[in-house]
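From first to last, the protein sequence lines stand for chains A and B. Those letters in the first sequence? Residues 0 to 279, per numbering that gives the first Met the number 0, in order. Those letters in the second sequence? Residues 0 to 407, per numbering that gives the first Met the number 0, in order.
Calculated from the structure, these hints are not laboratory results. One or more of the hints may lead you astray.
DSBU-like mimics (lysine-lysine), calculated; alpha carbons at most 35 Å apart, straight line [what the hints assert, rightly or not]:
#, chain 1, residue 1, chain 2, residue 2
1, B, K70, B, K94
2, B, K103, B, K78
3, B, K94, A, K70
4, A, K131, A, K84
5, A, K131, B, K383
6, B, K383, A, K86
7, A, K70, A, K86
8, B, K140, B, K172
9, B, K383, A, K84
10, B, K103, B, K126
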Amino acid sequence: MLEVDHVHKEFGSVRAVRDVHFTIPDGTTFGLLGPNGAGKTTTMRMILGILTPDGGAVRWNGQPVHANTRKHFGYLPEERGIYGKMKVRDQIAYFGKLHGMREPSLGQEVDRWIERLGITQYADRPCAELSKGNQQKVQVACAAVHRPQLLVLDEPFSGLDPVNADILLAILRELQSNGTALVLSSHQMWQLEDLCDRFCIIADGENRASGTLEELRSVFPTRVVRIGDTHGTSEINVPATTDFAAMLRELVSTKPITRFEAVEPSLHEIYLHAIGGSAA
Amino acid sequence: MNMTDLQTVFAAEFLRRIRSRAFVIGMAIGVVGILTFTKLPALIGNAFAGSSTIVLIGDETLTSPAEALLKSDYDIAAKLPAGTIVTQAVLRTNKAAAALTLSKTRQGITVAVDARDPSAMRRADIKRDLLPLQLSLATGKTTAQVNALTSIPITIKTIGSKFSNSNQAQQVKGIAYMLIFFLYILILLNSQLVTSSVAEEKTSRIAELLVASVDPATLLAGKILAGTAIAVVQMLIWIAAGVLTGGSPGTSQTADANAMFSLSQIFDVLTPLVIVAFLAFFVLGMLQLCTIFAALASLINRTEDLGSITGPLTIPVVGALFIAIAALGSPGAPWIVTCSFVPILSPFVMFARIAVSNVPAWQVVLALAINLGALYGIALFAGKVYRVGMLLYGRTPKLSQVWNVIRS
Ligand SMILES: Nc1ncnc2c1ncn2[C@@H]1O[C@H](COP(=O)(O)OP(=O)(O)O)[C@@H](O)[C@H]1O
Ligand SMILES: [Mg+2]
Numbered sequence: 000m001l002e003v004d005h006v007h008k009e010f011g012s013v014r015a016v017r018d019v020h021f022t023i024p025d026g027t028t029f030g031l032l033g034p035n036g037a038g039k040t041t042t043m044r045m046i047l048g049i050l051t052p053d054g055g056a057v058r059w060n061g062q063p064v065h066a067n068t069r070k071h072f073g074y075l076p077e078e079r080g081i082y083g084k085m086k087v088r089d090q091i092a093y094f095g096k097l098h099g100m101r102e103p104s105l106g107q108e109v110d111r112w113i114e115r116l117g118i119t120q121y122a123d124r125p126c127a128e129l130s131k132g133n134q135q136k137v138q139v140a141c142a143a144v145h146r147p148q149l150l151v152l153d154e155p156f157s158g159l160d161p162v163n164a165d166i167l168l169a170i171l172r173e174l175q176s177n178g179t180a181l182v183l184s185s186h187q188m189w190q191l192e193d194l195c196d197r198f199c200i201i202a203d204g205e206n207r208a209s210g211t212l213e214e215l216r217s218v219f220p221t222r223v224v225r226i227g228d229t230h231g232t233s234e235i236n237v238p239a240t241t242d243f244a245a246m247l248r249e250l251v252s253t254k255p256i257t258r259f260e261a262v263e264p265s266l267h268e269i270y271l272h273a274i275g276g277s278a279a
Numbered sequence: 000m001n002m003t004d005l006q007t008v009f010a011a012e013f014l015r016r017i018r019s020r021a022f023v024i025g026m027a028i029g030v031v032g033i034l035t036f037t038k039l040p041a042l043i044g045n046a047f048a049g050s051s052t053i054v055l056i057g058d059e060t061l062t063s064p065a066e067a068l069l070k071s072d073y074d075i076a077a078k079l080p081a082g083t084i085v086t087q088a089v090l091r092t093n094k095a096a097a098a099l100t101l102s103k104t105r106q107g108i109t110v111a112v113d114a115r116d117p118s119a120m121r122r123a124d125i126k127r128d129l130l131p132l133q134l135s136l137a138t139g140k141t142t143a144q145v146n147a148l149t150s151i152p153i154t155i156k157t158i159g160s161k162f163s164n165s166n167q168a169q170q171v172k173g174i175a176y177m178l179i180f181f182l183y184i185l186i187l188l189n190s191q192l193v194t195s196s197v198a199e200e201k202t203s204r205i206a207e208l209l210v211a212s213v214d215p216a217t218l219l220a221g222k223i224l225a226g227t228a229i230a231v232v233q234m235l236i237w238i239a240a241g242v243l244t245g246g247s248p249g250t251s252q253t254a255d256a257n258a259m260f261s262l263s264q265i266f267d268v269l270t271p272l273v274i275v276a277f278l279a280f281f282v283l284g285m286l287q288l289c290t291i292f293a294a295l296a297s298l299i300n301r302t303e304d305l306g307s308i309t310g311p312l313t314i315p316v317v318g319a320l321f322i323a324i325a326a327l328g329s330p331g332a333p334w335i336v337t338c339s340f341v342p343i344l345s346p347f348v349m350f351a352r353i354a355v356s357n358v359p360a361w362q363v364v365l366a367l368a369i370n371l372g373a374l375y376g377i378a379l380f381a382g383k384v385y386r387v388g389m390l391l392y393g394r395t396p397k398l399s400q401v402w403n404v405i406r407s
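Work out the full structure, taking the sequences as your base and the hints as a guide.
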């Protein structure tokens with residue numbers, strides 16, 4: 000289990016992260032949502048030990064994260080790099096080695112990934128010769144070749160065309176079913192909605208809302224009620240605490256109602272509400 | 000620092016470098032350069048060998064003893080009877096550059112020289128060579144007796160120098176000069192390679208992935224050690240090339256004698272102390288510069304900025320080269336002794352002093368200690384810069400900003 004315990008981080012006068020906290024149970028998928036500049040990348044870098052928090056702590060299974068724990072983490076940074084001159088196979092193997100993998104399992108795992116990603120014909124070619132989509136596959140393989148217990152992906156879908164986004168989605172689902180805990184960030188809700196078990200929405204470096212989709216919905220303060228009558232359909236905003244049965248009874252007693260629907264808020268609405276004035 | 004990671008990074012960097020085109024090309028150019036250096040005197044000697052080929056004309060009683068006397072300076076292509084008229088054809092058929100016509104007068108012998116290039120014929124040489132013949136004609140003794148009489152054994156010894164004679168001192172200076180130049184080229188070349196490797200990881204944005212899995216200090220150390228190992232390998236190959244080619248006999252005896260030095264004698268004059276000192280100072284200099292260069296390279300965001308940030312640093316290295324060359328001439332000068340303790344300069348200057356003079360052991364040890372200490376300081380500083388620099392994207396930061404980050 001990963002615990003992010005009220006971390007904060009400043010860069011000079013910039014308070015990149017003020018107070019972010021959440022926990023990620025083993026094998027679950029976590030969505031870190033927030034507009035650009037909210038502090039998602041900084042938070043992820045603190046999880047991976049690239050940055051040290053100025054306050055608060057990151058714990059893995061109750062222990063502070065050390066160099067050795069980090070060998071069980073994987074990371075796909077937002078800015079994705081690649082060694083242009085290194086061969087695909089060598090590149091994946093290098094990152095496997097850096098995470099403590101050794102032959103013969105290293106070679107087997109590298110081959111499995113190359114096959115899984117459908118890049119067998121490029122295995123011995125320098126990475127620079129690959130198309131952008133294929134390079135992204137290599138980057139995912141570099142991040143996950145050592146079967147991490149926790150894989151952190153920063154904006155994994157940004158810049159992917161629909162075909163490659165589907166391929167990535169399939170890979171992530173496979174990792175999920177293997178029990179890998181995932182942390183994904185995005186500034187676009189819909190990308191993560193189906194994939195994640197739990198969410199944390201941050202803005203201006205602070206938690207704004209967190210929990211499962213159900214939990215986020217249950218604390219959402221208003222509901223949209225769709226009412227249809229002879230003139231058509233209208234929508235009104237009411238407090239979430241409204242007694243809908245009483246409301247319906249009251250409506251029916253005044254005019255003929257053809258439709259009455261209390262709509263649950265979408266993740267997008269929850270998101271927009273949570274980030275408030277911060278730019279989406 | 001994680002030793003397994005260090006090993007992995009080291010191996011990857013080493014292999015990447017040794018397979019790179021830059022390494023292979025550098026290696027080839029170096030070997031060609033060394034061959035030129037060791038073979039050039041011989042080649043030049045050969046090209047001009049024709050100028051030392053002559054024919055002798057005159058009475059057999061003159062040309063026979065003259066041949067014996069001139070042999071040390073000239074190749075005698077033929078001895079022609081007295082009265083032969085020197086024409087171009089005579090020279091051409093004998094492949095000779097000149098003809099010496101000897102005749103006897105009352106005063107002794109006279110020599111008439113007909114040369115294709117009169118400036119190539121040295122009057123003093125001919126005079127010196129033929130003097131015993133002149134004297135033997137005048138005194139009636141054999142030329143051998145005259146030779147024995149006229150030869151005065153002269154030995155030159157130096158005081159306060161580590162060399163037994165001036166010839167050896169000259170050779171050592173030549174070799175030391177070459178080694179200092181190697182030191183310079185290798186250190187500069189390889190620290191540039193380490194620098195570009197750091198810059199590549201930074202600009203290709205792979206840095207963040209790396210520092211997520213490896214401690215930045217380990218990463219930096221692996222790179223620098225690999226760069227140093229590559230430089231040592233390069234150095235050993237170059238020296239091997241020099242020793243092997245220098246060891247084969249020259250094609251012309253005269254050319255060999257004229258060569259500045261012969262590498263086959265390298266081990267006569269290079270004591271184990273000099274070799275160990277050379278390697279120790281080489282490694283220290285390499286580590287110091289590489290570390291500084293690599294740290295600075297981590298600050299840039301575009302490969303084009305590499306020169307502007309590391310360029311100023313090559314100035315002290317060039318300075319060190321010149322001071323070291325000056326040190327070969329006056330190893331005891333106070334300012335040179337001082338420079339031999341200053342980090343960055345020290346590897347060059349102290350080595351130069353060790354090569355050509357007797358440096359007290361305590362000074363060598365002190366210089367090594369100062370350099371090790373400096374290296375430690377540099378490593379601490381570089382580790383911080385690198386840790387920060389690898390994640391600094393955006394514009395290249397001003398040095399004052401970097402300083403603030405490091406202090407915080
Ligand atoms: N290395 C850094 N130095 C200075 N400011 C930074 C640095 N990294 C991030 N920031 C600032 O911190 C804030 C949060 O950035 P970031 O974590 O990248 O947000 P997100 O990933 O959510 O877009 C931004 O205002 C950004 O400019
Ligand atoms: Mg970001």
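Do the hints match the structure? See the list:
As the CA atoms of K70 (chain B) and K94 (chain B) are separated by approximately 17 Å, the hinted pair is consistent with the 35 Å bound. Proposed proximity of K103 (chain B) and K78 (chain B) is supported: the alpha carbons are some 16 Å apart, at most 35 Å. Pair hint K94 (chain B) plus K70 (chain A) does not hold up; C-alpha atoms about 78 Å apart against a cutoff of 35 Å. A C-alpha spacing of about 15 Å is found between K131 (chain A) and K84 (chain A), which places the hinted pair at or below 35 Å, so the restraint holds.
Restraint check for K131 (chain A) and K383 (chain B): satisfied, since their Cα atoms lie roughly 34 Å apart, inside the 35 Å limit. Note on K383 (chain B) and K86 (chain A): the hinted pairing holds, with a Cα-Cα distance of about 31 Å set against a maximum of 35 Å. For the hint pairing K70 (chain A) with K86 (chain A), the CA-to-CA distance comes to about 23 Å; that is within 35 Å, so the pair holds. In summary, the hint linking K140 (chain B) to K172 (chain B) is not supported, as the alpha carbons are separated by about 44 Å, beyond the 35 Å threshold.
Pair hint K383 (chain B) plus K84 (chain A) holds up; C-alpha atoms about 28 Å apart against a cutoff of 35 Å. Proximity of K103 (chain B) to K126 (chain B) is assessed by CA-CA distance (about 15 Å); at most 35 Å being required, the pair is judged to hold.
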